[in-house]
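Residue numbers (our numbering), protein chains in the order written: chain A, 208 to 469; chain B, 208 to 469.
You may find that some hints are simply not true.
Derived pair list, reagent style DMTMM-like, types lysine to aspartate or glutamate, alpha-carbon separation capped at 20 Å [what the hints assert, rightly or not]:
{"id": "1", "chain 1": "A", "residue 1": "K290", "chain 2": "B", "residue 2": "D400"}
{"id": "2", "chain 1": "B", "residue 1": "K290", "chain 2": "B", "residue 2": "E370"}
{"id": "3", "chain 1": "B", "residue 1": "K361", "chain 2": "A", "residue 2": "E468"}
{"id": "4", "chain 1": "B", "residue 1": "K330", "chain 2": "B", "residue 2": "E370"}
Pulled from the structure, derived: some chain A residues nowhere near chain B, Cβ distances all over 10 Å [as the list claims (entries may be wrong)]:
{"id": "5", "residue": "G231"}
{"id": "6", "residue": "G267"}
{"id": "7", "residue": "V268"}
{"id": "8", "residue": "I329"}
{"id": "9", "residue": "E347"}
{"id": "10", "residue": "D350"}
{"id": "11", "residue": "E401"}
{"id": "12", "residue": "R420"}
{"id": "13", "residue": "K423"}
{"id": "14", "residue": "R426"}
{"id": "15", "residue": "V436"}
{"id": "16", "residue": "T443"}
{"id": "17", "residue": "I445"}
Since the hints were made in silico from the structure, they are not lab data.
Each residue gets a CB set at the ideal place from its N, CA and C atoms; glycine is no exception.
2 protein chains.
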Amino acid sequence: MLVITNDDGVRSPGLLALFRSVQGLGEEVEVVGPNGPQSAAGMSITFYKPLRIERVALDGVRAYAVTGSPTDSVFLARYKLFKSKEIKLVLSGINLGENLTLQSYYTSGTVSAALAAALNGIKGIAFSMLMDTSREPPVEAFDDAARYTRAIVKEVLRQGFPEGADVLSVNFPNHIGPHTRIRVTPMARTMFDEFVLERRDPRGNKYYWLGGRISKNLREGTDVHTVLVEHNISVTPISMSSGSEQALRSTTELIGQIMTEV
Amino acid sequence: MLVITNDDGVRSPGLLALFRSVQGLGEEVEVVGPNGPQSAAGMSITFYKPLRIERVALDGVRAYAVTGSPTDSVFLARYKLFKSKEIKLVLSGINLGENLTLQSYYTSGTVSAALAAALNGIKGIAFSMLMDTSREPPVEAFDDAARYTRAIVKEVLRQGFPEGADVLSVNFPNHIGPHTRIRVTPMARTMFDEFVLERRDPRGNKYYWLGGRISKNLREGTDVHTVLVEHNISVTPISMSSGSEQALRSTTELIGQIMTEV
Chain A
208 MLVITNDDGV RSPGLLALFR SVQGLGEEVE VVGPNGPQSA AGMSITFYKP
258 LRIERVALDG VRAYAVTGSP TDSVFLARYK LFKSKEIKLV LSGINLGENL
308 TLQSYYTSGT VSAALAAALN GIKGIAFSML MDTSREPPVE AFDDAARYTR
358 AIVKEVLRQG FPEGADVLSV NFPNHIGPHT RIRVTPMART MFDEFVLERR
408 DPRGNKYYWL GGRISKNLRE GTDVHTVLVE HNISVTPISM SSGSEQALRS
458 TTELIGQIMT EV
Chain B
208 MLVITNDDGV RSPGLLALFR SVQGLGEEVE VVGPNGPQSA AGMSITFYKP
258 LRIERVALDG VRAYAVTGSP TDSVFLARYK LFKSKEIKLV LSGINLGENL
308 TLQSYYTSGT VSAALAAALN GIKGIAFSML MDTSREPPVE AFDDAARYTR
358 AIVKEVLRQG FPEGADVLSV NFPNHIGPHT RIRVTPMART MFDEFVLERR
408 DPRGNKYYWL GGRISKNLRE GTDVHTVLVE HNISVTPISM SSGSEQALRS
458 TTELIGQIMT EV
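The following block holds chain A by itself, in its conformation from the complex:
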């Protein structure tokens, strides 16, 4: 079984495109997602209020619409709705807008749904597409991307999930043509030059806007360079772990000094 979710809500054309693209691969496909937009939800989990699940039918897709976050949706799929069935993959997206750099790793609802699946023992793939997000695109805007989502999922089902990876994060450029390539790249740290804008309200009190301009120094060989500069497709494996071997060793050395001081 494949479970599809997202953070734009089950009515998003990106989810419909992803759903259609993985039909006929020999796996049951179910949709469990937020009943409304949950972008930048990160990995929020709803513990303080109960959740409801509504059964909805949209463009021929029967979906479970959850009154919560993408992570809540994964949780309900895994421990309630399909707990007796084997969920082979959680597929998240296709997100309206790219999810690039480590910042997306920590803040994106799309990526978090795949990470939440991985924390609960299921591999996940997040799909996102660079686009003008000022208005909702038609489902056809994802036609080219959908050929790739299908090919990637098909190959993962055939070969198994890449060793050492818990999640794949796939980002599409806004136009896919015959010259578009797929690159496997690590995430850049950030893509923005950050700034703070100071203003004064009519009463003379200061307030601040946080902002970021896309950096002019995007490093080659990273996800963001692949998509924004080369206009190619980036595939980034995520391995969930805290610290590298080197970090564990050097921290152990540092802490060795401390017991004598306290």
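Fit chain B to the given chain A structure using the hints.
Same frame as chain A, but now just chain B:
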């Protein structure tokens, strides 16, 4: 300069304890934190509304109280309040309650403040303490932990940040005595056995609670085993990166098959 923040708000006794513990180490200490509780904020960043900064004085601590998240606070410290000064470390905590396992990596506001600092080029240390969080503890509840926060920060200032690590996440047990040890450990994946509770409201409609019981199979050598089972202090280095070398190689092999199919 050391910048102190947290996710329980600038009025938290845990923040006061951390602030006092790092006085007299030869560095200026400034407090910039949320003006109210922001637990489980994760790395939320406020882009859609402006922020205000209020100057407050609490128990002798002059603090900048921000109408936003821990990450917003770090952002304002870095790019507005102290942009001309060198911030050597961002210290986050001491959080009322532990932040253990990879789940805390993705959801904790305390840890996220340190990660946000690291994304912006400043090393961070997150401090959290296992405790009964049903009522606010007095600042004295952190006295023993504070000796360790001071020793750790002092040693990092003296030796430099451990190589290969971007952030340290420190967790204290609820009681620290003469037999308490510090262990450097990686994060466990999770500490809970998850479940979903189904109930019916007075109108007969179903609703669901997400829940988790602390697992009986906590693995030795992990952060959660160190704190919950051994009652020791865990120090976990975090290295921010997306995928391991192995994951990058195996994903490249997988993707190699795809270009021919699309």
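Tested hints:
The suggested pairing of K290/A with D400/B holds, with an alpha-carbon distance near 14 Å, which does not exceed 20 Å. For the proposed pair K290/B and E370/B, the alpha carbon gap of about 25 Å is over 20 Å, so the pair is violated. For the suggested pair K361/B and E468/A, the alpha carbons sit about 10 Å apart, so the restraint of at most 20 Å is met. This hinted pair checks out: K330/B and E370/B have alpha carbons roughly 11 Å apart, not beyond 20 Å.
With 10 Å as the threshold on Cβ separation, the claim that G231/A sits away from chain B holds: the shortest Cβ distance comes to roughly 14 Å. With a cut of 10 Å on Cβ distances, G267/A stays outside the contact zone with chain B, its closest approach being about 25 Å. Against the 10 Å criterion, V268/A stays outside the reach of chain B, whose nearest CB is about 22 Å from its own CB. A cut-off of 10 Å between C-beta atoms confirms that I329/A is not in contact with chain B; the least separation is 12 Å.
For E347/A, the requirement that its beta carbon stay farther than 10 Å from each beta carbon of chain B is met, with the minimum near 18 Å. Against the 10 Å criterion, D350/A stays outside the reach of chain B, whose nearest CB is about 12 Å from its own CB. Not every CB of chain B is more than 10 Å from the CB of E401/A (nearest about 5 Å), against its label as outside the interface. Here R420/A stays apart from chain B, with its beta-carbon at least about 12 Å from theirs, past the 10 Å limit.
For K423/A, the shortest C-beta to C-beta distance to chain B comes to about 17 Å, beyond the 10 Å cut-off, and the non-interface label holds. Every C-beta of chain B lies more than 10 Å from that of R426/A, the closest at about 13 Å, which supports listing it as non-interface. No beta-carbon of chain B is positioned within 10 Å of the beta-carbon of V436/A; the least distance is around 18 Å. Once the 10 Å rule is applied to beta carbons, T443/A is inconsistent with being away from chain B; the minimum gap is 5 Å.
Look at I445/A: its CB is around 5 Å from the nearest CB on chain B, not clear of 10 Å, so calling it non-interface is violated.
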